[in-house]
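Please assemble the complex out of the two chains, which come individually in their own frames, going by the hints.
Protein sequences, first through last, are from chains C and S.
Residue numbering for the first sequence follows my numbering, starting at 560 and increasing by one per position.
Residue numbering for the second sequence follows my numbering, starting at 972 and increasing by one per position.
Derived by calculation from the structure, the hints in this document are not laboratory data.
Do not rely on the hints blindly, as some may be mistaken.
Some chain C residues well away from chain S (every beta-carbon gap over 12 Å; in silico) [unchecked claim]:
| id | residue |
| --- | --- |
| 1 | 589 |
| 2 | 663 |
| 3 | 724 |
Stretches of chain S that chain C covers, calculated by requiring three or more beta carbons in the stretch to come under 8 Å of a beta carbon on chain C [said to hold, decoys possible]:
| id | stretch |
| --- | --- |
| 4 | 1003-1010 |
| 5 | 1019-1030 |
| 6 | 1047-1058 |
| 7 | 1095-1108 |
| 8 | 1179-1185 |
Just so it is clear, the structure is predicted and the values come from calculations on it, not from any experiment.
C-beta: ideal position from N, C-alpha, C; glycine also.
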Amino acid sequence: MDIRSQISMVFHLDKCIGCHTCSIACKNIWTDRKGTEYMWWNNVETKPGTGFPTRWEDQDKYKGGWEVVKGELELRSTNKTKTITNIFHNPNMPTLDDYYEPWTYKYKDLFDSPEGDDQPTARPISMVTGEEMDIEAGPNWDDDLAGSPIYAENDINLDGLSEEQREQMFAIERLMMFYFPRICNHCLNPSCVASCPSGALYKRGEDGIVLLDQEECRAWRSCIPACPYKKTYFNWNTGKSEKCILCFPRVETGQAPACFHSCVGRIRYLGVLLYDAKKIEETAKFPDEELVDAQREMILDPFDENVIREAKKNGIADSTIEAAQKSPVYKFVKEWGLALPPHIEYRTLPMLFYVPPMLPVMSAQEGDSVRNVNEEFFPDFDKARAPIKYLAKMFGGGNESHLRYVLKKQSAIRAYRRAETVGDIEKIDADKALLEADCTAAEAEGIYQLTSLCTFEDRFVIPAAHREEAIEMMKDPLEHKQETGFGFRDEPERGW
Amino acid sequence: MNMLQNYLDTFFFALFPYVTLFAFFVITIQRYRSKSFTYSSLSSQFLENRQHFWGLVPFHYGIIAVLTAHFVWFLVPGTVLWWNSIPARLYVMEIAMFIFGLMTLVGLINIVSRRKTNVRARIVTSPADWWVLGILTFQVITGILTAYFHRWGSSWFAASLAPYLWSVFKLSPDLSYVSAMPITIKLHVVGAFSIILLFPYTRLVHILVLPNPYLWRKPQLVRWNWNRRKIRTPNASFKAKNNN
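Just chain S, same shape as in the assembly (with noise of 0.2 Å):
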């Protein structure tokens, strides 16, 4: 049984997350290079807008607010203990955590439930949809999980976790911190790997487009095919996007 666990470890913890880095960083720029017309949110609220409120609102601001809180644990863990070490600072993180991650659920469930019942909606839901969908729901109810039953997650994190994802950062994945751990907390753990596994291959992809120009570009765009001022004027560099 040891050396089951022993070797079920050794592949989650310490070789899966290289195959799923290598892939999201290869492949997640291989298609953007070559198939840049794939990379869309694939929006459906045009073809079903009341429940697509109900889904997509709930569940990206929920998501948005739990993933940066992971990243702030695992960037600045010392900082989150410090924070933590006033217990009413540390419940109030972890209620509106909580609260967050419940909001993710709901908007889960309200997509899951939209693609399933309405005809349109279903009919642009492709099999990688729905990949994407049951990991999330799998991620997303062993986090609760693990918030409500392995408190204070957001200090345990900065003390185990956090150390073992630097460590595979660093290229020596330290089993020590994981093996003991729940199995929950295993499953999310593993559940987040997958997460990355699939992204490049599925319409996640769109995070990576978001559309952060748009804050500081001028209004209009205007591109120049040819522009004979800049052919005849023999210093000027000219790109093929030329915005002005």
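Excised from the complex, chain C in its bound form (with noise of 0.2 Å):
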């Protein structure tokens, strides 16, 4: 066992709201720069919808992630042959075009004029040229299925869906949607570090943390095709690629990432699992539908005495064990088995886990009128809006035994919070739910918990960073403090 502890996280897609505050308060401490306009480190997407970049998910097109070629774990954009035939022209690289060209408004405009008969308007200029422009797209116009005929309807997910369920999704009463608020995933078999040719891109031994060392990075371009999620983009001005880098400043300084931070709906969680490091290769080589299982049993158990003493023996702090004991990660990722990582199937075993939405059907119009069409308070999941089909493709590596297994176990707690709380449902039937769905009275009133009532240090545990012991290594700390200055002062300009 090589065990290490990972920075993960878990969003829970019921309680975002889509409001986008993740979005603002990242591109407001990190992308406001030249060149890094039009990247949304964190977005938030629609789905049924394209996303941003458009049609990310489309892997013929993007080649992102990885194969199993017989046997063998291989990058789907690249090789090492062709890292060297493809430096001059990178064949799947997305363009500005596939995600938005960033503009601004002449607001000088609106005061500078002179007088006329029209009012005077601020015309839209383009943050790249500087040109005026006619916007036609932005990162998130298929907000709230906004333009749904050219954008949910072209959502890849819905391939293989039958003619009767894609009629379903979209008839008019029965719509449905939901938010897909996303970041880094910060995986453990990442494929953009495999790809990049200058060893820019790396994980961070202590905790797991994706970064791209802007001092490294050559612009050969191989990591924007490589990462699936279309994580890692490209600042056309500085010619260095960037990324999330779950705002590590703050984690080593035991403050929640700022879209964690700001999340008004408190979707999300951060914590620590621990991992077993040899297990990442053959775990990526699973069959799609074996993916997030065998991934769950790469993520160990923080309160094994083994675990924690292979553990420790790894050098891992007792503050992060503690940590990761208390992760609300742990919890749902891996004691209760609500949360799943998005696309597995691209085999970079994400960290970074969803609660898959509840959209049931409560009602249906029949004539004039609104009627339950359930005799059950939460019904079938296969009359569901969204077919499970559909989140099994996003969230289940195509295996909907996941997704009936959470949505099962979410509408049972349901009932039995509201037998609790408001006693239309008889106690004896919510039991009934609980033990169908896998799930214990005390189990079910801790995710009750977790969900609902969540404070600030239940949702994030971050475990101290202990950057105080990392001078050791090198030099004397004493020695070390008298030396201690501003480190990397160079302005980051473009070349020459």
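Take a look at the structure:
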């Protein structure tokens, strides 16, 4: 065993209200510089929809992630030979038009225009070229199913759904959507890292955050197609790629990343998972349907004495082990089995997990009246508005059983709480629902607490970074203390 | 006239090479040490993807082939003369190199027109980039003219230019080899040293950071800012960028 610690995340999709506060918090801190205007390290998508960049899930186009070829894991976009032959022109490279051309407005015209018969207008100008432009797309123009015939119906996850299922999804009275906030998944088997010719991308050993060394990036562009989630971005101004850094300066000082901190719906959870790094390669090779289970298998029980002993042997701090025991992510992913990885079939082993949304049909229009169509309080999930197959494509590697399990448990907990507080469901029925959903009353209570009544401290369990010990490896700490200064002070100017 | 030519020859073939080589070595290294952030290929493919292909691909494959040939001619002139002793082999090499030269020129023309006509590509084109494109175009054109009008270059290169270049590297430049050369060839030689002079100040430095380690490294990289296992082991040495 080679136990490592990973800062991992859970997003609870039932709680996301699609307000984009996370995106704005991130943008204001990290990506309002020249060359980064179009980047959204954190973005919120509406599903069904084509997302940002457009149709990022279409790996036939972008060639992101890994595939198993003759029993070996291989990147879809590149390999050692292709790195050399494609270095002058990367055939899978998305361009600015696949994202959108960022713009601002000529506000000054509102004040400076000569007097005339018409109101002056602030015309849009490109933040890339500075020229006037016609706005054609934005990073979230499919928001709330806007332009569904273009956006929602081109969602790649709809492939394989029957005509009937598609019609069901877009029938006006049953229309369904949910929000899908995305950041870098800080994968265990990151394809961006494996594709980088310069070795600029790396995973931090002590907490698993995936970073991109700005001094070593040489703009060979491999990471951009290689990341199947399109979460590495090219800064066209500096000629360097950039990506979500999980606000590591905040995490190291015990603060939640900005997108987590600002989340209005409190959908985000952050905590440590301990995992066995020896198993990464074999896990990533499992068949699509078994990947979710295989990844869970890698995640270790932080209460197990053997695991604790091995973790200590590997130099993991006691405070980190303690954080792993309190980790809300561990509970959602491993204990309760409620949180699932996004598109695990890309085989990067993402460490951001989603609690899939419940979208039951509560009522339907019949003639002039709308009435409840279900005998039971929470209906059969095969009649739910979001076809299980659709959700399974996003969160189960195509395996529907995980989705059934999660949705069943979620509805059982709702029934259980309703029996407790409202009382229009019989206690015995609620208990039966729990039993069928593989859930005890205590567990249901725990899930309820962490879902509905969670405090800041419940949601974010951040281990101490112990950076004070880092210097011990290189020199005498007392000697170092007299030498500390400001470090790297070069301006991030574009090279010559 | 002869006096002037002597002065010019002395300047361009005995002095200028050392100025350029000095700048090349000192400034390239200094830039890498103090401003490594500026070492980048500065790709603009993200902004424009179609013309990019028709410019960058022929240019790079062309120039790599032609440059490699020049290096071989310079390093092992004897072998080149032996190869050329059979005319068929000489023709194959000369024609192949001529085609690569034309490819380079076509690529360059596409690159220049892309950077001129595409607004987004123009935005990220600096004055230094125009200098590079200008001198490269000059160099490729004089090269193609030389190949066409002064055949067979690979043979006389071995006999006269290779010895001159070697004499430069041996710190005793022998001008007798070059002073009698036609003007096209002289311009080509001066162009080559000018490129070396521009090298440390422009995007040309990306040639030096070719990603060769990728060919033999493991796919995944992990860097430890600190590793308690290693702190506690007194004999273990530690490097800040420890990959495992």
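What are the numbers of the hints that this structure violates, sorted from low to high? As far as the earlier hints go, only 6 is violated by this structure.
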